[in-house]
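**Student:** Each chain is listed here by its residues.
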Amino acid sequence: MVLLRDARLSGAIAAARAARVASRLLRAGGGSTVPGVVARRVDPYVLQALSERLPRGAVAVTGTNGKTTTARMAGAILRAAGVRTVSNFTGANLVTGVTAALVADSDLAGRPAAEMGLFEVDEASVPRVASETRLRLLAVLNLFRDQLDRYGELTHTAKVIASAFGHLPPGAAVLLNADDPLVASLGRSAARPLYYGVDEPALDTGRLQHVADSKDCPLCGAPLSYSAVYMGHVGVYRCGRCGFGRPEPAYRARRVRLQGARGTTFVLSGPAGEREVRLQLPGLYNVYNALAAAAVAGEAGAGMEHVVRGLEGFGGAFGRVERVRAGDREVFLLLIKNPVGFNEILRTFIAGGDARHVLIVINDKDADGRDVSWLWDVDLEMLAAARDRGLLSEMQPIMAGGLRAEDMAVRLKYAGLPVGEVVPGCDQALRRALNTTPPGETLYVLPTYTAMLEIRRALSEMGYTHPFWEDR
Amino acid sequence: MKLTIHHLYADMMNLYGDRGNVLSIKKRCEWRGIPVEVVDVGVGEPIRPTGCDVFLFGGGQDREQALLAGDLAGKKGAELRAIVEDGGVVLGVCGGYQLMGHSYETPEGEKLPGIGVFDLHTEPRRPGEERLIGNVLVRVELGGESRELVGFENHGGRTYLGDVEPLGTVLYGHGNNGRDGTEGARRLNAYGTYLHGSLLPKNPWFTDHLILSALRRVDDSFELEPLDDTLERRAFEAMASRLRGRGGS
Chain A
1 MVLLRDARLS
11 GAIAAARAAR
21 VASRLLRAGG
31 GSTVPGVVAR
41 RVDPYVLQAL
51 SERLPRGAVA
61 VTGTNGKTTT
71 ARMAGAILRA
81 AGVRTVSNFT
91 GANLVTGVTA
101 ALVADSDLAG
111 RPAAEMGLFE
121 VDEASVPRVA
131 SETRLRLLAV
141 LNLFRDQLDR
151 YGELTHTAKV
161 IASAFGHLPP
171 GAAVLLNADD
181 PLVASLGRSA
191 ARPLYYGVDE
201 PALDTGRLQH
211 VADSKDCPLC
221 GAPLSYSAVY
231 MGHVGVYRCG
241 RCGFGRPEPA
251 YRARRVRLQG
261 ARGTTFVLSG
271 PAGEREVRLQ
281 LPGLYNVYNA
291 LAAAAVAGEA
301 GAGMEHVVRG
311 LEGFGGAFGR
321 VERVRAGDRE
331 VFLLLIKNPV
341 GFNEILRTFI
351 AGGDARHVLI
361 VINDKDADGR
371 DVSWLWDVDL
381 EMLAAARDRG
391 LLSEMQPIMA
401 GGLRAEDMAV
411 RLKYAGLPVG
421 EVVPGCDQAL
431 RRALNTTPPG
441 ETLYVLPTYT
451 AMLEIRRALS
461 EMGYTHPFWE
471 DR
Chain B
473 MKLTIHHLYA
483 DMMNLYGDRG
493 NVLSIKKRCE
503 WRGIPVEVVD
513 VGVGEPIRPT
523 GCDVFLFGGG
533 QDREQALLAG
543 DLAGKKGAEL
553 RAIVEDGGVV
563 LGVCGGYQLM
573 GHSYETPEGE
583 KLPGIGVFDL
593 HTEPRRPGEE
603 RLIGNVLVRV
613 ELGGESRELV
623 GFENHGGRTY
633 LGDVEPLGTV
643 LYGHGNNGRD
653 GTEGARRLNA
663 YGTYLHGSLL
673 PKNPWFTDHL
683 ILSALRRVDD
693 SFELEPLDDT
703 LERRAFEAMA
713 SRLRGRGGS
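Residue numbers (the numbering used here), protein chains in the order written: chain A, 1 to 472; chain B, 473 to 721.
Bear in mind the hints are in silico, worked out from the structure with no lab data behind them.
These numbers come from a predicted model, not from an experiment.
A virtual CB, placed ideally from N, CA and C, is assigned to each residue, including glycine.
The hints are all genuine.
DSSO-like mimics (lysine-lysine), calculated; alpha carbons at most 30 Å apart, straight line:
no., chain 1, residue 1, chain 2, residue 2
1, B, Lys583, A, Lys159
2, B, Lys498, B, Lys474
3, B, Lys474, B, Lys499
4, B, Lys548, A, Lys215
5, B, Lys548, B, Lys498
6, B, Lys547, B, Lys498
7, B, Lys474, A, Lys413
8, B, Lys499, A, Lys215
9, B, Lys548, B, Lys499
10, B, Lys583, A, Lys215
11, B, Lys547, B, Lys474
12, A, Lys413, B, Lys499
13, A, Lys215, B, Lys547
14, B, Lys548, B, Lys583
15, A, Lys365, A, Lys159
16, A, Lys413, A, Lys365
17, B, Lys498, A, Lys413
18, A, Lys215, B, Lys498
Chain A stretches covered by chain B per the calculated footprint, using a threshold of three residues with CB under 8 Å from any CB of chain B:
no., stretch
19, 364-373
20, 417-424
Let the sequences and hints guide you as you build the complete structure.
**Tutor:** Set out below in structure tokens:
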């Protein structure tokens, strides 16, 4: 029986390899999911079998925003600590993508090269992945409105994630963002909850943004009162009726200083001590990602030294924040997925004050969310107000591109911002924007997910970067 | 003459970019020099009409919808009914539209009472039925003219009209229930629809219709200056031609 089991596993790995080669030869993309589908067809237990052979088990990272960045940051820390990890490709975050990653990392005898799995997992796929892998930790970053047309409602998403807790092995931790009330409330269903959060009164925006999704107590429905609101519904809160409140974080960030589009510093404290961290990435949302990554790696045994080295050396996950040299110009790619992330990027523009050339590229394919009404929840009025105060005097009229270029242009108009060229399509919009950016200057491109893929491809065709499956 | 936008339950019913509808009315007044004020009306807060008003009632999650159904069942529902009967301008979108009918039944089987200004009711989707999601193109006959609206719908509930006129007929998309080809409802100056996206920015003629209806309650000879709607028309046309071209998406 054991032999038969192994033969089947080897067959699955061999078939997956063939599928990966074929899909690359056919230029069908990165081959990041198909091998997983093929392997599971040959051996439905392939993921279970391989994940049991990871000596340090696996970690899954889920949530609306920051999955890829957090998993990549944790990988950088663990690499600094000498731990070999295996991760799934960007965007391939269903059970097939996780399978494909582990299969690609294993030899024909079914032995993974990595010691630990570090997977980003789509919210809806968490129960499935948890039931097939031996998770030592499940991290839930945040729950924002994102692609509601696919997943239904936020409270439902929270329930789906909680339903995975039963699959966790004894002793496994659930890492939760203390500052997101809905996420923090999941701690009540977890055997070993662990929290992280930000303590920085200076970042209080003083108001719940238009995009705040869960302003009511997730337990009793009464309105929450906030002593600080950092972004969206994320902050320091308490329910006056039932007493539910922000749990005490084990990992926290203090003295957070946002320094424009190019970096952030903060003081990280955790069970292993306290250190200052200089992130190369902009925005408070990346401080949250770094905190979660520090907690993931810290719980896996990485020391403070490695945490700091890993985080400070981290230059950004594919397409999330990326700088590409385009001849004598620079392209700064900043992925936008939903209003909260978009707002944070606008905040970095205002803090930096030096952005001149901006192109926003909106697509409405499945992976972007087909409904673009979220653009109206983005606080572009904040950018217009900053401009009126003379803070962004250098900024040229903002260009719009993508399948929904016209919707974006209307949004800009109603925010009171000057509208630049409106160019439907991604490729064409990028070329026009590069043409209007003088040599020596930076073009900021804010694309949605599939627009980012198209922009990346267009840059690659111009000879400015590499296709993403070569870039791990 | 000042126009007041009453944004009902602004803090709870803002799921699908309803803020775009508020901004659209506000900006199109400001650009014409018409003074305009936005008032958020929350749970437990009274409605204070000024005589020249637009009431906006947006969409929310089921949880929020249940929380405010109680508030509507009291004095506020009666006030809104009186406003509609008096010819007041009201726009309900998605969840707000559903609560303007007699009742809305949640997928869990809880029946929430509406304010009943439209003779319609909303049933939950049955097991095996999909949510009705996608871009929509609707034909609307208004003031003797035939016009079109584009928007995006996303609803599990199926709305069935009784003795009430639909807002329009579905050219592409699902509409009220995916079966009878109707979309939304209208009565006097009250409109309900499943279209968000946001609805008003890309359909400026409808925005102007709401604004003019509100202003004419005070001055029946009021006319609106035309605005440069090049960008809005481009956005409407981009989606409308995409839908006409491939039979809906």
